[in-house]
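Q: Let's have the full structure, built from the sequences with the hints guiding it.
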Amino acid sequence: MILAVLVHVAFGLLLGLSLSFKPQVIKPGIAKPVKAIVIDRSTLAQEETSKKEVEKKRKAEAEKKRKKEAEKKRKAKAEKKRKAEEAREQEKQDAYSALGSLVGAIKGKIEGNWSNRLACSGQEVTISVKVNISGEVTAVQVVGDSGDDACRRSAENAVYKASPLPFPDNPRFFKWLDQEFQIIFKPDI
Amino acid sequence: MIKVFIAGVFALLVGLLSASTWAVLTIEITEGQDTGIPIAVVPFHFQGQQRPNEDIRNIVSADLYRSGRFLSLPPGDFLSRPSDPDQVRFKDWRLIKAEALVIGRVSEIGNDHYEVSFYLYDVFKEKLLAGYRWTVGSSQLRQVAHQMSDYIYEALTGIPGAFDTRIAYVTVEKDSNNIRQYRLMVADSDGHNAQQILRTNFPILSPAWAPDGKRLAYVSFASRTSGAMIWVQNVETGDRRKLLQEKGTASAPAWSADGRRLALRLSRDGNHDIYILDVAASRLTRLTKHPGIDTEPAWSPNGRYLVFTSDRSGRPHIFRISAAGGPAERLTRAGRENAGASYSPNGKHVVMVTNQGNGDQIGVFSTGNNQVKVLTDGPLDDSPTYSPNGAMIMYATQRGNQGVLAAVSADGRIKQILRLHQGEVREPAWSSWKQ
Numbered sequence: 001m002i003l004a005v006l007v008h009v010a011f012g013l014l015l016g017l018s019l020s021f022k023p024q025v026i027k028p029g030i031a032k033p034v035k036a037i038v039i040d041r042s043t044l045a046q047e048e049t050s051k052k053e054v055e056k057k058r059k060a061e062a063e064k065k066r067k068k069e070a071e072k073k074r075k076a077k078a079e080k081k082r083k084a085e086e087a088r089e090q091e092k093q094d095a096y097s098a099l100g101s102l103v104g105a106i107k108g109k110i111e112g113n114w115s116n117r118l119a120c121s122g123q124e125v126t127i128s129v130k131v132n133i134s135g136e137v138t139a140v141q142v143v144g145d146s147g148d149d150a151c152r153r154s155a156e157n158a159v160y161k162a163s164p165l166p167f168p169d170n171p172r173f174f175k176w177l178d179q180e181f182q183i184i185f186k187p188d189i
Numbered sequence: 001m002i003k004v005f006i007a008g009v010f011a012l013l014v015g016l017l018s019a020s021t022w023a024v025l026t027i028e029i030t031e032g033q034d035t036g037i038p039i040a041v042v043p044f045h046f047q048g049q050q051r052p053n054e055d056i057r058n059i060v061s062a063d064l065y066r067s068g069r070f071l072s073l074p075p076g077d078f079l080s081r082p083s084d085p086d087q088v089r090f091k092d093w094r095l096i097k098a099e100a101l102v103i104g105r106v107s108e109i110g111n112d113h114y115e116v117s118f119y120l121y122d123v124f125k126e127k128l129l130a131g132y133r134w135t136v137g138s139s140q141l142r143q144v145a146h147q148m149s150d151y152i153y154e155a156l157t158g159i160p161g162a163f164d165t166r167i168a169y170v171t172v173e174k175d176s177n178n179i180r181q182y183r184l185m186v187a188d189s190d191g192h193n194a195q196q197i198l199r200t201n202f203p204i205l206s207p208a209w210a211p212d213g214k215r216l217a218y219v220s221f222a223s224r225t226s227g228a229m230i231w232v233q234n235v236e237t238g239d240r241r242k243l244l245q246e247k248g249t250a251s252a253p254a255w256s257a258d259g260r261r262l263a264l265r266l267s268r269d270g271n272h273d274i275y276i277l278d279v280a281a282s283r284l285t286r287l288t289k290h291p292g293i294d295t296e297p298a299w300s301p302n303g304r305y306l307v308f309t310s311d312r313s314g315r316p317h318i319f320r321i322s323a324a325g326g327p328a329e330r331l332t333r334a335g336r337e338n339a340g341a342s343y344s345p346n347g348k349h350v351v352m353v354t355n356q357g358n359g360d361q362i363g364v365f366s367t368g369n370n371q372v373k374v375l376t377d378g379p380l381d382d383s384p385t386y387s388p389n390g391a392m393i394m395y396a397t398q399r400g401n402q403g404v405l406a407a408v409s410a411d412g413r414i415k416q417i418l419r420l421h422q423g424e425v426r427e428p429a430w431s432s433w434k435q
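Protein chains in written order, with this note's numbering: chain A, 1 to 189; chain B, 1 to 435.
Worth flagging that the hints you see were computed from the coordinates, not collected in a lab. Hints should not be assumed to be uniformly reliable.
To be verified - Here are the computed distance ranges between Cβ atoms for each label pair:
hint: 1; chain 1: A; residue 1: I189; chain 2: B; residue 2: K242; range: 41 to 49 Å
hint: 2; chain 1: B; residue 1: P379; chain 2: A; residue 2: G122; range: 30 to 38 Å
hint: 3; chain 1: B; residue 1: R89; chain 2: A; residue 2: E85; range: 24 to 32 Å
hint: 4; chain 1: A; residue 1: I189; chain 2: B; residue 2: Q49; range: 33 to 41 Å
Unchecked claim - Keeping only pairs whose Cα atoms sit at most 27 Å apart, straight-line, the calculated DSSO-like set for lysine-lysine is:
hint: 5; chain 1: A; residue 1: K80; chain 2: A; residue 2: K64
hint: 6; chain 1: B; residue 1: K125; chain 2: A; residue 2: K130
hint: 7; chain 1: A; residue 1: K109; chain 2: B; residue 2: K97
hint: 8; chain 1: B; residue 1: K91; chain 2: A; residue 2: K130
hint: 9; chain 1: B; residue 1: K415; chain 2: B; residue 2: K434
hint: 10; chain 1: A; residue 1: K67; chain 2: A; residue 2: K83
hint: 11; chain 1: A; residue 1: K186; chain 2: B; residue 2: K125
Even glycine gets a Cβ: it sits at the ideal position worked out from N, Cα and C.
A: Spelled out as structure tokens, the structure:
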């Protein structure tokens, strides 16, 4: 009961207080004339379209740029590939010409070890030879039927004794070259 | 259809593009060293008290070298000296580039009794090619060595060896009374072990081995004025039979390959001509009838022809006639003179004495292309005779006052002196293999 009376008194006081306040008068600025623009639907549409076009353009530009980048990348990649191909081809040619320049030396070494040409007089025999990267002969095989035993043996022994054969020892070349080649023994006696 | 075609073309293109542009490298070899097969014959291991006089290893090594087909490597270069199969390290022999290896042992197993064994290897294939054993007395050791050489020669060349064969020849020398002594001798193919078969004061001519390798035909004279006698003598037993007694001269008996007939030069009909004697029937047939000198007949291996020396066209040249008789055709055109011909065992060549302006040299005429290859230097080379395998030629020559028996390999590469005599050595004849 007392509480209720107190609350009423409090509120009464507040009211009194508030009545004593005089509001400040805020002088508003001069209000800008609010001018309403007539909303033109077609312009609205145009705006919409040009917005779209800008967006489109932007996208197109971006796409163009992307394509250009991709093309550039593709070209660079192709160029790299072409260069690699060229390098491989060159390495292959170098390997072949290295072997080619050694054919004379291979021939000389085998001739120097063919001790028994007479065994093949009037005959010829073909030997298939395999070498490893050091030129060491790893396999010797008579090809076909020609040549009697003594002739074949003389040719095989010429190859065995000539090992290791002069062979390009550059590891880069080795993968290109057949490590197998054929030797035809055909004495001119 | 078109799709299939396109697919096919595409496949072809792919195939072509991916195919290697590099065909198999092929190298042609035509030159060589021609030193002969490098062979290592290791000094044999000896076990016993009394080492024999004969060094088997040296005899084999010399045989192989003389043939011209082998290069016998010096023992000083050997890295090891195996004498048993389990001692062989092939690497040692590859290192000195020996293509073949021979190892062996000689063991004394009794009084003058020896066991000899050897093994022959292909070095690079590390393969045993041959191995043999003998049990013999010391007097047979040289023959064992020659048989060993024959096995090795045949295994490595494919040609039968002719080391275990004999030669016959005539020597002439003045004795202490200054009288000429003629001796018919038989020796091993390397000139060793010479045995006297006959000795007379009058000429012995033209020894000729029968195909059985045991009998010799020859011409001898009983006196300075007597006619020629044709004999056949068994070299081992000494038994002999007189085939012909001529009033005039005779020379150059030559056996047919079947041993049934003997071709000869006789002069019984007033002229030097070739006759054929049927040995069993003792029947004589005249083969040539030309007024010129026809002599030195020799049979072709197939028995169908004889070659002989004739001066019917001027100077002596080699002619050929059918064994059945008929016209003779001239074989040799080149050179001033050609004489003393005999066929090689394969019938493709004729060895002869040829004068091409450098004196008398030994030459080989090829029946296939009529080419003559000169093998010796001359100027006094004579009486060539082929070994029974056609691989070597023996001949007589002179060095100052010494008679020389020499051998040359059929390709002319290796020449070797076999025997030296005071006086002369004449008319060697090389036996065939003993039947």
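Q: Which hint numbers doesn't this structure obey?
A: 3 and 4
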